[in-house]
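Student: The residues making up each chain are set out below.
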Amino acid sequence: MGVTCVCQVPLAEGKSVQQTIDILHKKLEQLSAVKQGNFTVDCETYHATGNASGQPTKLLYVMHNSETPLSCLALFEGGPCLTADGNFDVLMIKLKSHFQNAKGHKVESRGSRYRYCDFLIKVGAVTMSSSARGISVEVEYCPCVVPGDCWNLMKEFMQSFLGPSIPELPSVFATKPEGLYVPADCVDTMTQYLELFSKVRKQQVLPGTTR
Amino acid sequence: MTVFMRRSSQRAKKMADAMNVGVNLEAFSQAISAIQALRSSVTRVFDSLKDGMKNKETLEGREKVFITEFQDNLQSVNRDLNELERLSTLVGRPSESHPLHNSGLLSLDPVQDKTPLYSQLLQAYKWSNKLPSLSRRFIRRGAELPTGFCRFHIKLQYHAGLASSLLNQQSLKRSANQMGASAKRRPKVQPSTLVLPPQYVDDVISRIGRMFPDMSIELFRPNGTSAVLLVTLGKVLKTIVVMRSLFIDRTIVRGFNENVYSEDGKLDIWSKSNYQVFQKVTDHATTALLHYQLPQMPDVVVRSFMTWLRSYIKLFQTPCQRCGKFLQEGLPPTWRDFRTLEAFHDTCRQ
Numbered sequence: 093m094g095v096t097c098v099c100q101v102p103l104a105e106g107k108s109v110q111q112t113i114d115i116l117h118k119k120l121e122q123l124s125a126v127k128q129g130n131f132t133v134d135c136e137t138y139h140a141t142g143n144a145s146g147q148p149t150k151l152l153y154v155m156h157n158s159e160t161p162l163s164c165l166a167l168f169e170g171g172p173c174l175t176a177d178g179n180f181d182v183l184m185i186k187l188k189s190h191f192q193n194a195k196g197h198k199v200e201s202r203g204s205r206y207r208y209c210d211f212l213i214k215v216g217a218v219t220m221s222s223s224a225r226g227i228s229v230e231v232e233y234c235p236c237v238v239p240g241d242c243w244n245l246m247k248e249f250m251q252s253f254l255g256p257s258i259p260e261l262p263s264v265f266a267t268k269p270e271g272l273y274v275p276a277d278c279v280d281t282m283t284q285y286l287e288l289f290s291k292v293r294k295q296q297v298l299p300g301t302t303r
Numbered sequence: 091m092t093v094f095m096r097r098s099s100q101r102a103k104k105m106a107d108a109m110n111v112g113v114n115l116e117a118f119s120q121a122i123s124a125i126q127a128l129r130s131s132v133t134r135v136f137d138s139l140k141d142g143m144k145n146k147e148t149l150e151g152r153e154k155v156f157i158t159e160f161q162d163n164l165q166s167v168n169r170d171l172n173e174l175e176r177l178s179t180l181v182g183r184p185s186e187s188h189p190l191h192n193s194g195l196l197s198l199d200p201v202q203d204k205t206p207l208y209s210q211l212l213q214a215y216k217w218s219n220k221l222p223s224l225s226r227r228f229i230r231r232g233a234e235l236p237t238g239f240c241r242f243h244i245k246l247q248y249h250a251g252l253a254s255s256l257l258n259q260q261s262l263k264r265s266a267n268q269m270g271a272s273a274k275r276r277p278k279v280q281p282s283t284l285v286l287p288p289q290y291v292d293d294v295i296s297r298i299g300r301m302f303p304d305m306s307i308e309l310f311r312p313n314g315t316s317a318v319l320l321v322t323l324g325k326v327l328k329t330i331v332v333m334r335s336l337f338i339d340r341t342i343v344r345g346f347n348e349n350v351y352s353e354d355g356k357l358d359i360w361s362k363s364n365y366q367v368f369q370k371v372t373d374h375a376t377t378a379l380l381h382y383q384l385p386q387m388p389d390v391v392v393r394s395f396m397t398w399l400r401s402y403i404k405l406f407q408t409p410c411q412r413c414g415k416f417l418q419e420g421l422p423p424t425w426r427d428f429r430t431l432e433a434f435h436d437t438c439r440q
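Heads up: the protein sequence lines correspond to chains D and C, in order. First residue of the first sequence: 93, per my numbering; consecutive thereafter. First residue of the second sequence: 91, per my numbering; consecutive thereafter.
The following block holds chain D by itself, in its conformation from the complex (with noise of 0.2 Å):
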């Protein structure tokens, strides 16, 4: 589990979702990436009953990263987070009287993993209720585990093929309490998808995307 950076990468000029991402894919293996298959990383939402009136509900997160197929991670935005087995999605199940899963909010990336050297490159379309609502593009340095250390190279190699879309330092890294020399780990990887589903939950739909 190196240094991971999640991105939304906005659509070219004029170009749909499938055909940026084509675009996506042909930079990369000019670069003689290589295609390693395919990756998934959904987010549900729940609804936590049972509260007091006046408090806003709180919302709990279960995702699944198919890196980490035998397990699921459940958080709420900006607290606590526990990572549990696969058997987590039945026991939510069970928990139905005190969270209730918002059926459809379901946001999902799908797409292609691609390697190249020791870099791990995923650039998947974002989808929720089958409408694609954008790109995102997940870069992990897998030697590196402190990213402050990796930061600009990771940055260098993002430009050569996203070009001048490059994104920020992931806040995820800044609110450590060490700030950047803290080693990485897969929380902070799902941190940044679910930043980037809450985005992407609340912008409209793209015109003329819609499957």
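Just so you know, these hints were derived from the structure itself, not from any lab. Since we're looking at a predicted model, the values are computed, not measured. Hints may be right or wrong, so weigh each one.
Said to hold, decoys possible - According to the in silico footprint, chain D covers these stretches of chain C (three or more CB under 8 Å from chain D):
hint: 1; segment: 343–350
hint: 2; segment: 412–425
What the hints assert, rightly or not - When the alpha-carbon atoms are kept at most 30 Å apart in a straight line, the in silico DSS-like pairs for lysine-lysine are as follows:
hint: 3; chain 1: C; residue 1: K245; chain 2: C; residue 2: K220
hint: 4; chain 1: C; residue 1: K328; chain 2: C; residue 2: K362
hint: 5; chain 1: D; residue 1: K247; chain 2: C; residue 2: K325
hint: 6; chain 1: C; residue 1: K245; chain 2: D; residue 2: K268
hint: 7; chain 1: D; residue 1: K127; chain 2: C; residue 2: K245
Virtual Cβ for every residue (Gly too), placed ideally from N, Cα, C.
Assemble chain C onto chain D, guided by the hints.
Tutor: For chain C alone, coordinates are given in the frame of chain D:
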């Protein structure tokens, strides 16, 4: 096949000339032709088996002919084999002593035609040996010998003598075995720096470990007296250094998040890193341990090596000094100059 045989016999003759001959050349060439004969008789056996029974009137007739033919072929194989064995006892062994000591091993280079290094070396050696006798002949004839000629030879001998005495003083041998000596004559005594008490090695290592605050060195002795060090450099990498008394024997570099222990709980000193960057750093570390050599002061060598290794603390943060970029073919600058410790990409270093 015959061309190959001819060339190999020519090469054998050349080698035999070069090495002080104890080889019976006649028997040698006869042995080679005996090998050819043996090969053809064996081929004949398999050909007859492949062809199967010949067409005759009766089944018994066919079988009989086949069996007789097969027996004849086998007998000829047997004959040729015996002949070969007889000749091989006559061939003799080449002499053990090489005229140019270790450089005699150059004669084993198979690409003799393209790089005739050994024969040229021999010629140069014979020429420089003939110099005194040639010069004496000139003087006897009363010819005016160019003084440079004599002076050159004297200087050559003097420098060669100096060099050999210097080289013999500082034994650069990393192994205890002597080349070319038979097992009985091999001396039982090892060079003094190879046999050091383990306590001394422990002290040196712990002293070096205290020198660098961001580097931690753990010492293990999983197999006998050879120390195995686990060097953890910040949160960047972990190195396993296998020592032989105070000499560094080999090293393997892995990532900070990679497992250094194998399944049975011991230190895994063999598996390569999963990451290309650390595989590259392992290669560079091997180059470094061969570069830093000082046979009489091994602790200085270990200290220099650790200082060099410590420069990798900023492996992912430092751009290349030559091209200014972080990445070249997906790798950060993995080369550290041995003197200045500057970072370069492997392809950018001079």
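Student: The segment 412–425 of chain C covered by chain D? Criterion: 3 or more residues, Cβ-Cβ distance below 8 Å.
Tutor: Since 7 is at least three, the answer is holds.
Student: Using a Cβ cutoff of 8 Å, are there at least 3 residues of the segment 343–350 of chain C near chain D, or does the coverage claim fail?
Tutor: Result for this restraint: holds, n = 3.
Student: Straight-line Cα separation of K245/C and K268/D no greater than 30 Å?
Tutor: 71 Å, violated
Student: Is K245/C close enough to K220/C, meaning Cα to Cα at most 30 Å?
Tutor: Between K245/C and K220/C the Cα gap is close to 15 Å, so the pair holds against 30 Å.
Student: Is the straight-line distance between the alpha-carbon of K247/D and that of K325/C 30 Å or less?
Tutor: 20 Å, holds
Student: Would you check the hint for K328/C and K362/C, treating anything up to 30 Å between C-alpha atoms as holding?
Tutor: Holds - the C-alpha atoms of K362/C and K328/C are around 12 Å apart, at most 30 Å.
Student: Compare the distance between the alpha carbons of K127/D and K245/C with 30 Å, and conclude whether the hinted pair is satisfied.
Tutor: 66 Å, violated
When the structure is compared with the earlier hints, violations turn up for hints 6 and 7 and for no others.
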